[in-house]
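**Q** So the protein sequences, as listed, match chains A and B.
My numbering puts the first residue of the first sequence at 1, with every later residue one more than the last.
My numbering puts the first residue of the second sequence at 1, with every later residue one more than the last.
Everything labelled a hint here was simulated from the structure, so no lab data went into it.
Where is the CB? At the ideal position from N, CA and C, for every residue including glycine.
There could be a bad hint or two in this list.
Unchecked claim - Simulated coverage check for chain B against chain A, where a stretch passes if three residues somewhere in it have a Cβ under 8 Å from a Cβ of chain A: (1) 170-182; (2) 187-200.
Stated by the list, open to error - With the C-beta cut set under 7 Å, the calculated list includes, among others, these residues of chain A facing chain B: (3) Leu54; (4) Pro74; (5) Gly75; (6) Leu81; (7) Phe83; (8) Asn85; (9) Phe100; (10) Pro101; (11) Met104; (12) Arg105.
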Amino acid sequence: MAAIKLTGIVKQYRGEERPAVDEMTLQIEDGEFFVLLGPSGCGKSTLLKMIAGLEEPTRGTVEFDGTCVNYVEPGDRNVALVFQNYALYPHMSVRRNIDFPLKMRKMPKAERHAACESAAAALNLQRLLDRPVSELSGGERQRVALGRAIVRQPEVMLMDEPLSNLDALLRVQTREELLRLHRAVPSTVVYVTHDQVEAMTMADRIGIMEAGELVQVGRPKDVYRQPASRFVAGFLGSPPMGFLTGQVEERNGSVYLTGPGIKIDIGATARPPSGSALTIGLRPEHLRLTSDGSGRAGAWTVELVEALGADQLVSLTAGAARLRARVDATAEFSEGSQVGVDFALEDARFFGEDGRAVGS
Amino acid sequence: MTAVTEPEPALRRRLARARPAVLTAVVVAVACLFAIGPFAYLISAAFKHSLVLFSYPPHWIEWPPYFGNFRYLLEHTAFLRWASNSLGVAAIVTIAKVLMDSMAGYAFARMRFPGRTLIMAVMATGIMVPTAVLIVPLYFLVKSLNIFDTYWALVLPPLANPVGVFIMWSYISALPPEIEQAARIDGCGPFQIYWRMVLPLAQRGLVVIATYTFLVQYGSFVWPLVGTQSSRLFVLTTGLSSLQPSLGATNWGVISAACVLSMIPIVVVFFGLQRLFRAAPAAAGLKG
Chain A
1 MAAIKLTGIV KQYRGEERPA VDEMTLQIED GEFFVLLGPS GCGKSTLLKM IAGLEEPTRG
61 TVEFDGTCVN YVEPGDRNVA LVFQNYALYP HMSVRRNIDF PLKMRKMPKA ERHAACESAA
121 AALNLQRLLD RPVSELSGGE RQRVALGRAI VRQPEVMLMD EPLSNLDALL RVQTREELLR
181 LHRAVPSTVV YVTHDQVEAM TMADRIGIME AGELVQVGRP KDVYRQPASR FVAGFLGSPP
241 MGFLTGQVEE RNGSVYLTGP GIKIDIGATA RPPSGSALTI GLRPEHLRLT SDGSGRAGAW
301 TVELVEALGA DQLVSLTAGA ARLRARVDAT AEFSEGSQVG VDFALEDARF FGEDGRAVGS
Chain B
1 MTAVTEPEPA LRRRLARARP AVLTAVVVAV ACLFAIGPFA YLISAAFKHS LVLFSYPPHW
61 IEWPPYFGNF RYLLEHTAFL RWASNSLGVA AIVTIAKVLM DSMAGYAFAR MRFPGRTLIM
121 AVMATGIMVP TAVLIVPLYF LVKSLNIFDT YWALVLPPLA NPVGVFIMWS YISALPPEIE
181 QAARIDGCGP FQIYWRMVLP LAQRGLVVIA TYTFLVQYGS FVWPLVGTQS SRLFVLTTGL
241 SSLQPSLGAT NWGVISAACV LSMIPIVVVF FGLQRLFRAA PAAAGLKG
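Take these sequences, add in the hints, and give me the full structure.
**A** Structure below.
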């Protein structure tokens, strides 16, 4: 296992206006399961490749356990990378795929054989060992890619959206398998994904990237509850946080957020001065719907009700404003009816004009 | 009076449906006849005595077959030497071309170095120059290198043909780069990636180059005629042309027998390499 330290990493491709990764500084602890989360094209895979040594940073340093590895070849970094498309060697059998990294390190044949068998057993691949990879299903190929990564017990395991090509059921199973594997074969894991469910369920810490920059790092719960920006708040959660934008108004000692169709009592806590623009972010699960139209956010019209089994999603409108509430499945709502929307102030997040969180 | 429309008979409908297929079959049959006809005539002539070769009406199959042409070829000409020269030169050029073109194709496809585009443009220009235009300069080049009338003169000039580089460049460019990146992480250097990943995965491209180079080299006539002089360096094409005397009657039976024997390596190489076209495509290692 190794701790990874990235200092001032910049990656600027020739001919591109913006850097793919911009001034990234990050410390990943030894043995940590760190997830890089962000939308497609935000630079997370580029960052992963710089850690692997497949891309050279334009500026900045990559350190493993305090040693700069900028000029160390990928094969000498003791890292393994599971690619999004698996990148198995199509002209080799499953066994030869798993064995290949050991063979390149000139490990004796008997040891290689034992290591292959052990990796195959951990991933339930024993019966497939002599099959060509072209005959495997997507899920099996994914496990072979994992086998090739874990067989030499790397200090750093890098994964580039390894579950994105699997169907929903297989993704859940493999997610659990990956976590079990991380506990059984401890190594520092850097896992790239754009799927916030994967990030929330697997990570010790999450780093959220936007347009080449790291915008927030923290434990999944903290990032979810206290997003540092509107971008983070909108990216985490399914369905995502609802946003209502208006102006701060003070009336009779109370502070309101007013906008087209909304008038929300946001309390008298420290907020931007009267007249300034403010966005309030509300998680669907934090909203309570009242049948008498009362509540901090006033009266809203039920537009759509989606039953999810254990609970239901209620889409609400008030003028141009929209919100979604996650409520108990037993509650009855009819489309077109009026309901009151209430929430606790401590559950709400506020964002200023620049998109950054304001207040606490 | 009302017009009665009878249903179209089933047979007519079936014939109408079959018409395009019948037409295709007839066109293919005629094309095959044109393609196979000369070969059949050549094989027939090889097993006939020269005296009956032009008899009228013609006999397609002579029975018992006459083997005298083959006997004459093997006993009174240097046919075996010409054949070994042809096979040797074609094999060496083919192996060298496959290695050189695949290495150059890999470098152009995957490596970034100064002058890369310029070199490729110069090579592309080289393809556009007709071979006939190159013969005279090539002759003077070979002379000045003191390799005229040697095996080097037969082997070296064909290696400069850049067609194979472009074929390999296009094959290797199409390989998923992630496979090479995975190999780098697993500990491969540039040559190991070329040898262990690129070559097996670009097998179809190699087979195309090998087949093309072997066939072109084996059938090459003008350059061996210009670049060599001694009869010991004759290849099959120049050797066969020497069977045609400048004066007197040509023994067409012997020439036919020589042509028949010359075709055997081509058939063997073509069918031998054909099965390699079925190599695993590189996409088999990617997502399922």
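**Q** Please flag the earlier hints that this structure goes against, numbers listed from lowest up.
**A** Of the numbered hints given earlier, the structure breaks none, since each of them holds.
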